[in-house]
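Sequence order for the protein chains is A and B.
Mapped onto this note's numbering, the consecutive letters of the first sequence carry residue numbers 3 to 590.
Mapped onto this note's numbering, the consecutive letters of the second sequence carry residue numbers 93 to 235.
These are computed hints drawn from the structure, not numbers from a lab.
Hints may be right or wrong, so weigh each one.
Here are the computed lysine-lysine pairs in the DSBU-like style, where the Cα-Cα straight-line distance is at most 35 Å [said to hold, decoys possible]:
# : chain 1 : residue 1 : chain 2 : residue 2
1 : A       : K154      : B       : K221
2 : B       : K221      : A       : K202
3 : A       : K103      : A       : K166
4 : B       : K168      : A       : K394
5 : B       : K184      : A       : K160
6 : A       : K456      : B       : K221
One-sided excerpt, in silico: chain B residues whose CB lies under 10 Å from chain A [said to hold, decoys possible]:
#  : residue
7  : N137
8  : R140
9  : R141
10 : S145
11 : M147
12 : S190
13 : E191
14 : F197
15 : D219
16 : D220
17 : R224
18 : I230
For each residue, glycine too, the CB sits at the ideal point set by N, CA and C.
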Amino acid sequence: MLLGLAAFGVAQSAVANDELVKMQQDPNQWVMPTGDYANQRYSKLDQINATNAAKLHPVWTFSTGVLRGHEGGPLVIGDTMYVHTPFPNNVFALDLNDNGKIIWKYEPRQDPNVIPVMCCDTVNRGVAYGDGKIILNQADATVVALDAKTGKEVWHVKNGDATKGETMTAAPMIVKDKVLIGISGGEFGVQGRMTAYNLKDGTVAWKAYSVGPDKDLLVDPNKTTSMGKPIGENSSLSTWQGDQWKTGGGSTWGWYSYDPGTNLVYYGTGNPSTWNPVQRPGDNKWSMTIFARDADTGMAKWAYQMTPHDEWDYDGVNEMILADIDIKGKPTKALVHFDRNGFTYALNRETGELLSADKFDPAVNWATHVDLKTGRPEVVSQYSTQANGEDKNSRNICPAALGSKDQQPAAFSPKTKLFYVPTNHVCMDYEPFKVSYTAGQPYVGATLSMFPPKGDTNLGNFIAWDADKGKIAWSIPETFSVWSGALATAGDVVFYGTLDGYLKVVDAKVGKELYRFKTPSGIIGNVNTYTHGGKQFIAVYSGVGGWAGIGMAAGLSNGTDGLGAVGAYKQLSNYTQLGGVLTVFAVD
Amino acid sequence: MRFVSAFLLLGTCAAGLLGSQHSAFAQSDPPYVVKDGLVDQATYNGYRRYTESCMRCHGPDGAGSSYAPALAQSLKTMDFQHFADTIVNGRKNVSSASENVMPAFGTVEDVILYLDDIYGYLKARSDDKLGRGRPKRIGEDNG
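The following block holds chain A by itself, in its conformation from the complex:
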């Protein structure tokens, strides 16, 4: 009997795995926040295309009833759409057969004291589906599994302690019989980690810290490699002073990828805490790192630290896009990553070999280049907040702390071989100073002011990137940072949203605008697509907020004169107001 049960368990997990691997290839559904395991955000649907995109129009809308920033996007599983909200993290199941009628809604009760310990707005980037369950990451670090049909809770588990500033904003990802859950709180000195919970009951399968002793990191000092070499013992501890790693950050609040071929999961880690580099000597491993881990055991196969000893808050958490493409003319099983630090990294995703690192915004100036032999950036001393020191204002660093690109995910079209990247075009002055750690309180230690690069007035660009050549193919200037996730389709069209509220559709080959519609609020959500009744739809949340909503609602500032008219710092609040709405588009 016991044997029989065990065998059943194995069979069931294999089914869950196969189910999702198959479903993520079905363009009629949108089964995970990232679109597919490879994070390509590409759909084979082509009913809406470059010829008819101008005829797009909104066909139905849904108010979420929540005002804060709406990141992520809805899932579509069969005839049901799952809509999520920022704190209080409500979830709605909508019946696509009945004009979006609410089948069930889940309204968690959370202690509102979690609100002020969320770094940059109470955002949430989406729910995950697998094995008949909807997995929700609540702000207060509770993971909840809901029955996808009824919305009834199946299990819940605590993934962190919100009173210490451990919160959750990232979307979960389900891989096989496990769900991967990250943690936020890089501005509160958390010890970052990735945890895999068993989908069946919420028990911990494995937990891998970003910083700390080897046993907590889930690494094999002899087998886990970085830049082709074993990382050796105490690879993290030896890069921190004393026990600073305990409040060392390396949170995991971005997106996760999975390659069923290599059975590896990929994700990046966030900033080391504090933002004052002088206070934490060393490389601060493994903050700012791309990890490749075995999906079953969590054991790291390879790791690559992009920004050793961060001095600018360039979190490495942005999505890892898996694509089989040419890099420098050579066919490659690639991982392509547009980092906050302004470089596009292309690595061999099986071995972790670094193949290229190119600036995707010409304004980037903190480093001249990345040495492909050592993997280290060549930092320009003028822009080194470490070299300039505490209480010194380092000026005109590009990009700003929010990065040349933040979490807003890019898309990749296998048809055009181009990556479509929402970017920030913002620079900063940065002054680090000494701070003390208090559990549950901001642990930042730097002031910064942000502004567009010299001579420019646009704060964002939407670019098409050729990863083979390491070059921008075309670029569309945007008044504000582009904070919305992109979507590319086989119809040779690309979709993205803007902070002033437009959903825009452009030609995938040349970037020519084909359609725009002003939604009720600024868009920081990610565009998706699906079919219902054989017809293609486009769905996106509007609802301004997030880092952009907080930092820019009051307008940008600059202490220096002569950077152009005050008009350059157009206030976002003159364009849009808060409020979460789902808008669905179609062509008749």
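Add chain B to chain A, keeping to what the hints say.
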């Protein structure tokens, strides 16, 4: 020393006492120094500590955000006692229409030790004596 005693007083619940200690000087002299657009070290430190602990909700330079009120406006009417009390004890305004929560900073060194400086900086902003951005210090190499 003044900071230490302020900290102890607050720690033992006497925000009111602290307020009265301040009221005389708050009425006669502004709690900041701004000369020709340059500020003294205390006001400058207030800017830094504000940016460290308050900016993420209250917006850059006390200008407010969609998340929390503009303190450069609030301090036009809010006195030091009310200001200190709010920082020490926090504030909650949670309803179906709003979910504003300010944590209590009563035991947070980076805030409470520099309460005077933060107040001075924001008061200079609310008195329109100081513009947006990082203020320049008197005597600093401001090149």
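These are the hints, each one checked on the structure:
Between K154/A and K221/B the CA atoms are separated by roughly 57 Å; this puts the pair beyond 35 Å, and the hint is violated. Proposed proximity of K221/B and K202/A is contradicted: the alpha carbons are some 61 Å apart, above 35 Å. With a CA separation close to 39 Å, the supplied pair K103/A and K166/A exceeds the 35 Å bound. Restraint check: the Cα-Cα separation between K168/B and K394/A comes to about 31 Å, which is no more than 35 Å; the hinted pair holds.
For the suggested pair K184/B and K160/A, the alpha carbons sit about 25 Å apart, so the restraint of at most 35 Å is met. For the proposed pair K456/A and K221/B, the alpha carbon gap of about 27 Å is at most 35 Å, so the pair holds. Below 10 Å, beta-carbon pairs count as interface contacts, and N137/B has one with chain A at about 9 Å; its hint therefore holds. Hint on R140/B holds. Least Cβ distance to chain A is approximately 5 Å, under the 10 Å limit.
Because the smallest distance between the Cβ of R141/B and any Cβ of chain A comes to about 9 Å, under 10 Å, the interface hint for this residue holds. The beta carbon of S145/B is positioned within 10 Å of a beta carbon in chain A (closest approach about 5 Å), and the interface hint is therefore held. Nearest Cβ of chain A to the Cβ of M147/B: about 8 Å, under the 10 Å cut. The hint holds. At a threshold of 10 Å, the smallest CB-CB gap from S190/B to chain A is about 8 Å, leaving the interface hint in force.
With its C-beta approaching chain A no nearer than about 6 Å, E191/B sits inside the 10 Å limit, and its interface hint holds. Hint status for F197/B relative to chain A: holds, with the closest Cβ pair at about 8 Å, below 10 Å. Proximity of D219/B to chain A is violated relative to the hint, the smallest CB-CB distance being about 18 Å (cut-off 10 Å). Evaluation of the D220/B hint against chain A yields a violated restraint, the C-beta minimum of about 15 Å exceeding 10 Å.
Contact between R224/B and chain A, as hinted, is supported at the beta carbon level, the nearest pair being about 4 Å apart and thus within 10 Å. A distance limit of 10 Å between C-beta atoms decides the matter here; for I230/B the minimum to chain A is near 15 Å, and the interface restraint is violated.
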